[in-house]
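*Asks:* From these two lone chains plus the hints, build me the complex, please.
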Amino acid sequence: MNMPVEVIRLVVGLLALAAFVGLNGLVLVYLERKVAGFVQRRPGPYEVGPYGLLQTLADAAKLVGKQLLTPAGADAPLFWAAPLLSFLPVFVLLAPIPFGPGLYAVGSNVGIILILAFAGLNVIALFLAGWASGNKYGMLGAARAVAQSVGYEIPLLLAVLAVCFSQGSLDLRLMVERQGSWPWQWNAATQPLAFVIYCVCALAETNRAPFDLPEAESELTAGFHTEYSGMGFGLFFLAEYANMIVVCAVATALFLGGWQGPLVAGVHWFLAKVYVLLLVMMWIRWTYPRVRFDQLLNLNWQWFIPLALANLAVTAGLMKL
Amino acid sequence: MSVLQDIYKTAEGIWSLVVGLRITAWNFARPQVTVHYPRKVVGRSLATFRGHIELVGKEKNPAEPRCITCMLCEGLCPSGCIKIHKPKPVPKAKAAPAEKLPEADGSAVGAVLTPKKMPPPAAPGEGSSPKAAAAKEPKAAPASKVPLAFTLNYTLCSLCGLCVQNCPADSLRFSNDVYLAELAAPQGSGRQAFQYDLLERLRRQAQLLGPGAASLKAPAQGSGAEPQVAAKAAAEEGA
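If you read the protein sequences in the order shown, they are chains A and B. Each residue of the first sequence is one higher than the last, beginning at 1 in the numbering used here. Each residue of the second sequence is one higher than the last, beginning at 1 in the numbering used here.
Here chain B stands alone, though its shape is the one from the complex (with noise of 0.2 Å):
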């Protein structure tokens, strides 16, 4: 008995030994998944990698950010990396600016006192804001909101996210920008590669995007391929 079942354990070792070998055959000839790096670019596994923040572009006149100066991010933000300078409000147009003053003067501690006020007049800017920014834009006060210069050191950044969280407009999302390398090589700018001026760097996307591109933005700005595309492309041409 123990005989008969010594011969059909070997038998049943021998068989497996078949099996490794078909296994490693069937992968020998099985296409390979290695991307050569340089050359190509693994797909969309980028989508999820939380890069250095960059500026959301209105869907219409993607150039322009859909900030409105809430200063949040600024205050908000633990390390102090974020500076945006927030224009003057025009003292023609008394009436509207005077209601948003606690914002308006909104230093970071103005800022973080009330994040709970903050909503209420952005909700109502972010919803109607392409036609409503562009109606009264001519008039005056409300073109104020777009930021003069938004600057983010990366430096200091420790990429916690508080500020993509907390944009009230929904102006400010991860880049999936990884060729960092580069830029701090000997032979690039070093340090000063890393701070941002995110305006620009808007503008630029929007640019590589092009005026065609601003419809085919708007329907895939919601699935995040598309902001990858122009982010990957800004970065390639930024190196």
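So here's chain A without its partners, still in its complex pose (with noise of 0.2 Å):
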């Protein structure tokens, strides 16, 4: 009796995320450009529909309608495999984030766990992607992607570590429980420096500016992408905003308090703060210069590793007092 009620969960809520990937994928592309815009004092899409709110639409229409083509060098079954690689974990790691009280698609004790084990799924499409491209600008890209999100997944892990140690769980419905409605009964609040960290580490773990080496345009024209056309490199960048939407989410149920606010708590509290998280991670897009390779795997194993290690070690030892 209790079986089929948590499959037809799962199955409405995985449709509900895929309408919701896709609807926040337009919304997001949109935005991060009228973002960009905004910030250089120039308008961004103005020209198709009011505002330009239509651009992406016709972009993802023209996305949709051209020729997929497999380079000679390239070995297609994996070609093809990756960008699907890439992009259809993103419903796994969304199925466990509890959007409102009793909004989940799968209610999981180890939430975390699973989100945490899928996103390193994101790796091997990359690696996937620049590998069978037979191009050496993919190549480089893949080189880099694996380097940088092996590297910041330690600290993330950590970061992460940390709140569940001071929750003393592993499930994400019960870290939004437990914190309170205020900012100041948030995890942020008694975590700052996990939070600190795992921001920093999900900009490099999305690949996003100043981290965005992968596909560093100006050195490797696209990184692992550049042998993709229409919606093979749709489908990457879908995956990129998707994985966006995911590392903010978490991180909102981590550290703010999810759904959970002041006066109405509910499913807009989350998703105002998933899109607070959203802006801020466009908003650092557009300001800062990309980061050298070295200066991104120093940061990385000299500063947030053993940053985390030690606020782990301090997390630990008070909740042990």
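Don't take each hint at face value.
[Said to hold, decoys possible] Just a few of them, taken from the derived set where beta-carbon distance is under 7 Å, the chain B residues facing chain A:
{"hint": "1", "residue": "G20"}
{"hint": "2", "residue": "L21"}
{"hint": "3", "residue": "T24"}
{"hint": "4", "residue": "N27"}
{"hint": "5", "residue": "F28"}
{"hint": "6", "residue": "Q32"}
{"hint": "7", "residue": "V33"}
{"hint": "8", "residue": "T34"}
Treat the hints as calculated values from the structure; they're not laboratory data. Predicted model, so just to flag it, every value in this text is computed and none were measured. The beta-carbon is built from N, C-alpha and C at its ideal position, and this holds for glycine as well.
*Replies:* Given below as structure tokens:
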């Protein structure tokens, strides 16, 4: 009797998540371009539809309509598996996230582990894409992606682990419920260092500027997705924005009280917080120049890993007391 | 010591990140500088644009060029893109045309050879032009200074500006007309569109300025602002 309810919840949840990801992809690309424009004191998309609102739809239609080319030197099955492998885990990543009270696709008591485990798949997708392209730029981009993602996963995990220690749970639903309605009751207030480390590592994990080295266009053409045309590129693009939503949603649930908020708690608080984080990510992207690769790795190994370890040790010590 | 320095440097670096974010946030909130081009045009920035040449009208009668048909521009032009038709001297009044004969046979060679002779007849003609011309007009010869046709073949013009520089009557200037692409478009009249009848253009500009604008135009002539408006209006009307 219990099983069908779970299955129905999963199916309905995945459908809703697919719609959510697609819709947010359109909105986020539009927002990103608008933010870029405003920061540079120009209007951004303006001509297609009122205030350029239909621009991303037009772009999506263009991408869908384009021919899919497989380069002569490419390993075709791997080449086309990569964008799918990049995009599909997004549904698993979003499934355990509690959008509101009782609003989640998979009720798991190890939700955060599920997310972190499947987030690692993205590295394989990027590496496959670069490797299977048979392109030197793709290969270099893939190498960078692996070094970067593997490196930054460590402080990210350590930061999340510190929060899990202090909450004594791996269940995202419980963690949200244990935080209060007001900002000073959130985990970001008790674990500020973990929050900062998580945010920076999230930027690096999603390959966002200033850590967008795997697709550094000035050095590597387009990095790992150099050879992808049409919807192959479109899927990577969509996956990037979906991953942004995932890291911001996890940050919201872990550090910012999830759907809890002053006055009326609910899904609106969750979405508002996610969007504020997304806008900050865009703000950062259009502010900072891309870091050099040695700077990127130095920042990780010399700063974030020791800091995250120290944070974890202090948290563990305090929890024991 | 070096540890303290390292900490200070790190703090400084982190602060620079905050400064960067503040600058982009400030620019985010500032008004945009984009001009939505086909719908709006940039105000005065066309004033310095050197387009094809156009004629300058007389102050009193903006539809009539200041040109004294000296043929200097036609002779100077290295591309041979200016063609002026000057009226035949009226045989009745012999005294006046006689002294202007070197100018009157002003083929290209004549004009180039006698550039120093040109200014003297021109300067009085320009300085006292409106009154003098108006007074003399009924008599005879001076009317012949007004060109019958003044055409520019812009497909040949190299925009060297020699004609504008050397016009003794200040009757030539660069227009601000940038709207040429649509003239050359397939549905336009093509190459023929760049055969400008500058007299016709001047008349059209004078018409756009209107009869009341003659007084308005006179003081603004020097500043270059008003002609720009006229040129733009003419360009838009032409389009």
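*Asks:* Next, verify each hint and record whether it holds.
*Replies:* Okay, the hints, checked on the actual structure:
1. Interface hint status for G20(B): upheld, as the beta-carbon distance to the closest one in chain A is roughly 5 Å, under 7 Å.
2. The interface hint given for L21(B) holds, since its Cβ lies 5 Å from the closest Cβ of chain A, which is under the 7 Å cut-off.
3. The interface hint given for T24(B) is met, as the beta carbon of that residue sits about 4 Å from the closest beta carbon of chain A, less than 7 Å.
4. Below 7 Å, beta-carbon pairs count as interface contacts, and N27(B) has one with chain A at about 6 Å; its hint therefore holds.
5. For the restraint placing F28(B) at the interface with chain A, the shortest Cβ-Cβ distance is roughly 5 Å, inside the 7 Å limit, so the hint holds.
6. For Q32(B), the interface hint holds, the least distance from its beta-carbon to any beta-carbon of chain A being 5 Å, beneath 7 Å.
7. Interface restraint check for V33(B): the shortest CB-CB distance to chain A comes to about 5 Å, inside 7 Å, so the restraint holds.
8. The interface hint given for T34(B) holds, since its Cβ lies 5 Å from the closest Cβ of chain A, which is under the 7 Å cut-off.
The structure shown violates none of the earlier numbered hints.
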